[in-house]
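Peer 1: Here the protein sequences come in this chain order: D and S.
67 is the number that our numbering gives to position 67 of the first sequence; each next residue is one higher, with no gaps.
218 is the number that our numbering gives to position 218 of the second sequence; each next residue is one higher, with no gaps.
FYI, nobody ran anything at the bench for these hints, they're computed from the structure.
We put the beta carbon where it would ideally sit given N, CA and C, even for glycine.
Do not rely on the hints blindly, as some may be mistaken.
Unchecked claim - In silico EDC-like links for lysine to aspartate or glutamate, alpha-carbon gap of 16 Å or less: (1) LYS60(S) <-> ASP95(D); (2) LYS192(S) <-> ASP222(S); (3) LYS108(D) <-> ASP14(D); (4) LYS192(S) <-> GLU27(S); (5) LYS108(D) <-> GLU40(S); (6) LYS108(D) <-> ASP95(D).
To be verified - Computed, partial: chain D to chain S, Cβ under 8 Å: (7) ILE17; (8) PRO98; (9) GLY99.
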Amino acid sequence: MNAPAGTILVVDDDPGIRAITAELLELSGYHAVSLPDGTSAIAWCQANPRGAALAVVDLSMPGLSGTQTFRLLRALEPQLPVIIASGSAEDAILDSLPGQGVTAVLRKPVRGGALLDAVVRALAAR
Amino acid sequence: MNPSTEDIARIHRLHSLADMAGGMAHEFNQPLTVIRGSAENLLIARQRGWQLTPERIDDKLATIVAQCDRISGLIDEVRRFARGAEDLSPAPLLPADAIEDALRLGRVQLSARGIGVSVEDRSGGRLAHVDRHALADVIIELLRNAREAIVGSSRCHGTIIIAIETADAAVVVRVTDEGPGMDPAAAQAAIKPFDPRSGAASLGLAIARRTIETMGGSLAIDSQPGRGTTVILTLPAVADASASG
Chain D
1 MNAPAGTILV VDDDPGIRAI TAELLELSGY HAVSLPDGTS AIAWCQANPR
51 GAALAVVDLS MPGLSGTQTF RLLRALEPQL PVIIASGSAE DAILDSLPGQ
101 GVTAVLRKPV RGGALLDAVV RALAAR
Chain S
1 MNPSTEDIAR IHRLHSLADM AGGMAHEFNQ PLTVIRGSAE NLLIARQRGW
51 QLTPERIDDK LATIVAQCDR ISGLIDEVRR FARGAEDLSP APLLPADAIE
101 DALRLGRVQL SARGIGVSVE DRSGGRLAHV DRHALADVII ELLRNAREAI
151 VGSSRCHGTI IIAIETADAA VVVRVTDEGP GMDPAAAQAA IKPFDPRSGA
201 ASLGLAIARR TIETMGGSLA IDSQPGRGTT VILTLPAVAD ASASG
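Chain S on its own, in the form it takes in the complex (with noise of 0.2 Å):
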């Protein structure tokens, strides 16, 4: 017999979640084994006799923090993760606003980093049916990811830029960075939670894809080392193109 597709969604989403486990797992794991490590070396010297210089014992406490405040980063996010996008209210919109919101607020970040961001609207004022403070949340996440991307190629100066454009039933919004790029397996695994192939340091784009699809729209990301990186979010558009607002 073979499987429905209801089947094979189940077992997609089981093997999902047991990738995120498991990513989750390992990435709670190694500040566990520093905060466990270094308060058993401090027991040890301390049982010892070992003489410990005040700095040292500064050092390894100033690390234990460090570490516990990394494990309350990471439950925050899988809470944001968790919590997903219930309180969303869709409204017809133009994302040009939501991108204003955010850039109003990112903007002196990348300026000080020698960073511009061109925002070209080939919408026609095509609105979108999306949360707002949703979507310009995510478009700082995307600043932010295309900030560190800039900054992290030792690039002095770098535009970002953020085209807007219409698709049959969706509004597209591209944005794109001149960073160094990454290779599609890392790009894929850069918008699942706790992927242990991607190079990301935080869930952020896993939470922006959950709550860009939780609004009907789609997440993705084009990239190629050397080559920068666009995320493309696919909007659902309000059926009346003649709308304005």
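Only chain D is shown next, with the shape it has when bound in the complex (with noise of 0.2 Å):
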């Protein structure tokens, strides 16, 4: 409501966590897309070039797990700020995370107020 437009994808394989997600972005002003696996994700980026600002990423999915679809992500649009969200992943693997490109890590249960300073901060850095 306060904040320039921008589609963000919300990928997440719990429904819960998606709605609740993609709400809140809805409501400070951004475009929320909700997508269930990183298959999903990676085929929105492929119909939809340069759509995406933004993509908030579960790091623990069936299927495509985070960082894989992070780096498919990142192949189809090198530009793409990602923030990866984790509930259970061991420090060490969080801790890498930034150094392979992605923008922000957040731990779960994530804090609407701390997913949208990330949010902010990451579409100012582009």
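Put the complex together from the two separate chains, hints included.
Peer 2: Here it is in structure tokens:
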């Protein structure tokens, strides 16, 4: 409602988390696209080149993992900021993600304020 | 040193408990995530001065209430499962009598959905040693599952077959539906509490299994995708096969 428009992909296999995250982003003025897995996120980006301003991706998903999804998204959209959300991964895995080019890492349960701050920072740094 | 039979049984129980705890955590976490997120989104919207329509606020509050109800329902089921079957009074019984009790309660709901029930009693009047009300409750649960399987497969009509037979020292009741069936892993998971591989929305089958096992019987599922599902209750028969009642 008070933020610049932009499409943010919300990629999470948990429908509850997906809906809550998308709702918060919508309330704050973004256009959120909810996607249940990495494959559909890749398909969306292929169908909508440069259509996404940002992706928020769950780390642990059936099928493509969050890191695999991140790499494939970046192969399609080298400039796309990607925030990874994780509930259970080891610190060593999470700590390695920024070095691989992940824009930000958030631990689940993700606080709404922390998510919005990370989104604003990621979009401002583009 | 080889582990004893008791050791193996204990390890098996611990593994089952760990599986159940993991499944429970998952089941409770889902509605909690939605409750927390819905409440937090409302809070953030207020704190940041975002305008929310009354309909949107109502929708969020209704979501929170519904998810709390879901957790309450889960807790009730866990209590039922934990309580087990301590109040059972097994006695010689014609299983057909308990099945008739169940059908008296469930037939209207079944016929309203175009589902018929056929009871085929080939037990020759063999008595089982079970609690009548508990067996009726189990049959009601099985009828409900069968009904949902048939309705879920978009069939307007279907028949549930309840067959009663004898086998050695047991009376066997088979409840068969013409629903979509399930693969063997899902069938095994459906009778375990909070097994994540189960598509079951409740603990009903796990509670039914526990009830039957407490009475000295067993509950098994025979199912294949596309071939319907049969739940097999093996009930202890009374020793005197000539008794009637």
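Peer 1: So which of those numbered hints doesn't the model satisfy?
Peer 2: 1, 8 and 9
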